[in-house]
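Participant: Position 46, counted from 1, in the sequence shown is what UniProt numbering calls 46; the numbers after and before it change by one each time, with no gaps.
No lab work stands behind these hints, which were simulated from the structure alone. All C-beta atoms in this analysis are idealised placements derived from N, C-alpha and C, irrespective of residue type, glycine included. Don't take each hint at face value.
Computed spacing ranges between beta-carbons, pair by pair [claimed, not checked]:
no.	residue 1	residue 2	range
1	Gly-81	Pro-17	13 to 23 Å
2	Arg-83	Glu-30	30 to 40 Å
3	Ala-31	Pro-6	35 to 45 Å
4	Ile-112	Pro-17	28 to 38 Å
5	Gln-111	Glu-29	11 to 21 Å
6	Ala-37	Gly-86	30 to 40 Å
7	Glu-29	Pro-6	37 to 47 Å
8	Pro-10	Ser-137	15 to 25 Å
9	Ile-112	Asp-75	23 to 33 Å
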Amino acid sequence: MQNLLPGPEPTLLPAEPHAADLLAKADSEEAVKAVAAQFPSYSAAWARLAELALGASEPVTAYAYARTGYHRGLDQLRRNGWRGHGPVPWAHEPNQGFLRALNALGVAAGQIGEAEEAERCATFLRDSDPAAVSALS
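Can you build the whole structure from these sequences, using the hints too?
Facilitator: Right under this line is the structure:
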């Protein structure tokens, strides 16, 4: 049976070139924190901080950073037409910060024993774009 109703259009977040440039040049955790402080709505900075914390075996810190990036990303998605479902393409670079924060949130949740949260994040990531799962695994 074929679904004759079209699905929602992909949500494409706007680029933040200045923040992206500063984050690309950030060569330490302190430099990444400075980007997050200057651009608190920029999910990619929070995702990077979460990934650094995961790499340092600090899952509680990673969880906090990832949750911040996740919520900031949800705010941006909603402002750009997302209605709670539909594709958030990995191939669109500005979406990657949100998707990385979502992934890090799931990983950190799993590490602190929040199995339901970890599964919810994994499902949300798959539903957003299976390519994100491949890129982040």
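Participant: All the hints need checking, so say for each whether the structure fits it.
Facilitator: Here is how each hint holds up against the structure:
no., hint, in the structure
1, Gly-81 <-> Pro-17: 13 to 23 Å, "21 Å, holds"
2, Arg-83 <-> Glu-30: 30 to 40 Å, "38 Å, holds"
3, Ala-31 <-> Pro-6: 35 to 45 Å, "43 Å, holds"
4, Ile-112 <-> Pro-17: 28 to 38 Å, "35 Å, holds"
5, Gln-111 <-> Glu-29: 11 to 21 Å, "19 Å, holds"
6, Ala-37 <-> Gly-86: 30 to 40 Å, "31 Å, holds"
7, Glu-29 <-> Pro-6: 37 to 47 Å, "44 Å, holds"
8, Pro-10 <-> Ser-137: 15 to 25 Å, "21 Å, holds"
9, Ile-112 <-> Asp-75: 23 to 33 Å, "24 Å, holds"
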